[in-house]
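Q: As a plain string of letters, each chain reads:
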Amino acid sequence: MTTEVADAADVPAVQRPGVVSRLMSGKAGPVGLMLLLILVIWYAGAVYLNAPRLIDGYERSDTEWTFSQLTDDAWAMERPILPAPHQVLVELNKTIFGKKITSKRSLIYHSWVTISSTLLGFVLGTSLGMLLAVGIVHVKALDKSLMPWVIASQTIPILAIAPMIIVVLGAIGLTGLVPKSIISMYLCFFPVTIGMVKGLRSPDPLQLDLMRTYSSSTSQVFWKLRWPSSVPFLFASLKVAIAISLVGAIVGELPTGAQAGIGARLLVGSYYGQTIQIWSALVMASILAGLLVALVGVAEKFVLRRMGVAQTGGAG
Amino acid sequence: MQNVAVKAVPTAAVERGSKSSVVETDKLSLTFQTADGPVYALSNVNLTIEQGDFVSFIGPSGCGKTTLMRVIADLEQPTEGSITVNKVSPREARLDRAYGYVFQAPALYPWRQVDRNVTLPLEIMGLSKAEQQERAARYLEMVNLTGFEKKYPWQLSGGMQQRVSIARALSFEPDLLLMDEPFGALDEITRDHLNEQLLRLWEKTQKTVVFVTHSIPEAVFLSSKIVVMSPRPGRIIDVIDCNLPPDRTLDARETPEFLEIAHRVREGLRAGHSYDD
Ligand SMILES: Nc1ncnc2c1ncn2[C@@H]1O[C@H](COP(=O)(O)OP(=O)(O)OP(=O)(O)O)[C@@H](O)[C@H]1O
Ligand SMILES: [Mg+2]
Numbered sequence: 144m145t146t147e148v149a150d151a152a153d154v155p156a157v158q159r160p161g162v163v164s165r166l167m168s169g170k171a172g173p174v175g176l177m178l179l180l181i182l183v184i185w186y187a188g189a190v191y192l193n194a195p196r197l198i199d200g201y202e203r204s205d206t207e208w209t210f211s212q213l214t215d216d217a218w219a220m221e222r223p224i225l226p227a228p229h230q231v232l233v234e235l236n237k238t239i240f241g242k243k244i245t246s247k248r249s250l251i252y253h254s255w256v257t258i259s260s261t262l263l264g265f266v267l268g269t270s271l272g273m274l275l276a277v278g279i280v281h282v283k284a285l286d287k288s289l290m291p292w293v294i295a296s297q298t299i300p301i302l303a304i305a306p307m308i309i310v311v312l313g314a315i316g317l318t319g320l321v322p323k324s325i326i327s328m329y330l331c332f333f334p335v336t337i338g339m340v341k342g343l344r345s346p347d348p349l350q351l352d353l354m355r356t357y358s359s360s361t362s363q364v365f366w367k368l369r370w371p372s373s374v375p376f377l378f379a380s381l382k383v384a385i386a387i388s389l390v391g392a393i394v395g396e397l398p399t400g401a402q403a404g405i406g407a408r409l410l411v412g413s414y415y416g417q418t419i420q421i422w423s424a425l426v427m428a429s430i431l432a433g434l435l436v437a438l439v440g441v442a443e444k445f446v447l448r449r450m451g452v453a454q455t456g457g458a459g
Numbered sequence: 035m036q037n038v039a040v041k042a043v044p045t046a047a048v049e050r051g052s053k054s055s056v057v058e059t060d061k062l063s064l065t066f067q068t069a070d071g072p073v074y075a076l077s078n079v080n081l082t083i084e085q086g087d088f089v090s091f092i093g094p095s096g097c098g099k100t101t102l103m104r105v106i107a108d109l110e111q112p113t114e115g116s117i118t119v120n121k122v123s124p125r126e127a128r129l130d131r132a133y134g135y136v137f138q139a140p141a142l143y144p145w146r147q148v149d150r151n152v153t154l155p156l157e158i159m160g161l162s163k164a165e166q167q168e169r170a171a172r173y174l175e176m177v178n179l180t181g182f183e184k185k186y187p188w189q190l191s192g193g194m195q196q197r198v199s200i201a202r203a204l205s206f207e208p209d210l211l212l213m214d215e216p217f218g219a220l221d222e223i224t225r226d227h228l229n230e231q232l233l234r235l236w237e238k239t240q241k242t243v244v245f246v247t248h249s250i251p252e253a254v255f256l257s258s259k260i261v262v263m264s265p266r267p268g269r270i271i272d273v274i275d276c277n278l279p280p281d282r283t284l285d286a287r288e289t290p291e292f293l294e295i296a297h298r299v300r301e302g303l304r305a306g307h308s309y310d311d
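For the protein sequence lines, the chains are E and H, in the order given.
Be aware that the first sequence starts at 144, since it is given in the working numbering, and climbs by one per residue.
Be aware that the second sequence starts at 35, since it is given in the working numbering, and climbs by one per residue.
Hints are computed from structural coordinates only; laboratory data are not their basis.
Keep in mind that a hint or two might mislead.
Here are the simulated EDC-like pairs of lysine to aspartate or glutamate, each with C-alpha atoms no more than 20 Å apart in a straight line [said to hold, decoys possible]:
id, chain 1, residue 1, chain 2, residue 2
1, E, 367, H, 183
2, H, 61, H, 84
3, E, 367, H, 84
4, H, 238, H, 207
5, E, 367, H, 157
6, H, 163, H, 175
7, H, 61, H, 110
8, E, 367, E, 352
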């Protein structure tokens, strides 16, 4: 059934049903509608938030003003409270396509800085998370002793602990990529551990009994049963982990004196009241998050299909 | 009471002379401790299964047949009494890979294709790739699943999945087969076919088979011995020797001997029920 839908989307304009019904039946329709709604609210919000200062200005300089003039001005301020979407787009265009990639003013450059520590942190965090999960599932003592710490670690606000990590690691000579990655790791091992523990424990009793009847070793049970059973759970966790890893990297860039990265752009933007810059960095961050999660999603589809268990996975 | 029938066993053992016992239980009982209090699954089971026997267990649902199989397989521990498998403890027998177990449910691994489900035990036991493939093909053919090697379990019907699990248990050629309602999910014709296949296999290899079924004709057709069990807690009501001619075909089910034994099994089951009321 899912294949039918996919086919319909792939088939080009051989026979075109009504535009409206076509739009609303696919994914594009609802998404587009949602986007439109957000834009309308955003533009209205920009007028509402920026108006007081503008009106102030008009009154001070005794200018006559109309509503349409107010909206035009509200959507074109240099340092608005809330910039209009097109201003953000212009800024994005300027800083993505208008600058050399190596330039400090290129958003691509800053994105790359953030992505690299995100990915390193993701790899570290996933490895740590898996390691902990394997330990917790196989060693009873670890289950009892480790799990509370794993959970407690996430109750500490990352904003409080990030500067300390940066300072402590800086004191032993680690700066730049590694401290930021460690903050990412700190955030992203958690969902991986939780998901993997659940996944490694997901085989049903009969599947485990079967292994027992073959008098198989613990490592055989792990590789032939527990590990494959955990893969769907692992991917669900990885999607959360990669997004949270990006958050970690950005947070890690805030206290570093802000040399480079999306976080640095946010920080510099707020120092100088460059709201357009802040918003374009925010938009960039969410685009990156979307891309990263989508990438994990593609890997998930590929792996589950190869494992032959994708018949239910297709829905997501 | 329950000991009466079992008294017959030593006599049968003498008749067969040299055969050694594969499973021996002595006053075996098992009580599950559950939240709603104890569940008495097995009570005072005395039983001897000899090498080469085809023993069928028949009894009402929930009477403890699966539990008894699981005790033999060292998946459940008895609370009283003793049991040996191949003269050693069930645990040692399990570590020796003494038996193949066909569970009541297929318990296939969904990420493995049919042939790789069948080769799972062979991988664990370290057989060569060629040997694995040869055996998978052979036993899949035996259960009429040639051509389905590369399907995933969810692409098969319930009965087909159960047949894969039978092929999986046969594939490593254990001397002792524990089969828990292996043909329960099959249509009559497939069931007949597999009954004959299993009978031929048993005659050829002299395996010991412990078999659970709810079908009286199936039990009579296949078995050398039928153990009738009472409702919970499972006790042995009757042990019926059942030696139809060795190279029998499905037509044997029309013969007077067959019908007589079937009648005796039915009587035993009835007696068990009224005994409980
Ligand atoms: N793990 C368990 N914990 C508690 N009670 C159990 C457990 N396993 C089985 N029982 C109980 O023991 C009794 C015997 O169960 P068993 O599965 O052996 O029955 P059975 O004879 O195989 O029935 P069926 O013919 O329906 O398969 C049942 O009443 C069941 O509820
Ligand atoms: Mg049962």
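Q: All hints, please: hold or fail.
A: Okay, the hints, checked on the actual structure:
1. In summary, the hint linking residue 367 of chain E to residue 183 of chain H is supported, as the alpha carbons are separated by about 19 Å, within the 20 Å threshold.
2. Our distance criterion of 20 Å between C-alpha atoms is met by residue 61 of chain H and residue 84 of chain H, whose separation comes to about 18 Å.
3. Straight-line distance between C-alpha atoms of residue 367 of chain E and residue 84 of chain H comes to about 34 Å, which puts the hinted pair past the 20 Å bound.
4. Annotation: proposed proximity of residue 238 of chain H to residue 207 of chain H holds, straight-line Cα distance about 12 Å (limit 20 Å).
5. The straight-line distance between the Cα atoms of residue 367 of chain E and residue 157 of chain H is roughly 10 Å, inside the 20 Å bound, and the hint therefore holds.
6. Taking the CA atoms of residue 163 of chain H and residue 175 of chain H, the gap is near 18 Å; set against the 20 Å cutoff, the hint holds.
7. For the hint linking residue 61 of chain H to residue 110 of chain H, the alpha-carbon distance of about 16 Å falls within 20 Å, and the restraint holds.
8. Straight-line distance between C-alpha atoms of residue 367 of chain E and residue 352 of chain E comes to about 13 Å, which keeps the hinted pair within the 20 Å bound.
The structure is inconsistent with hint 3 alone, although it conforms to all the rest.
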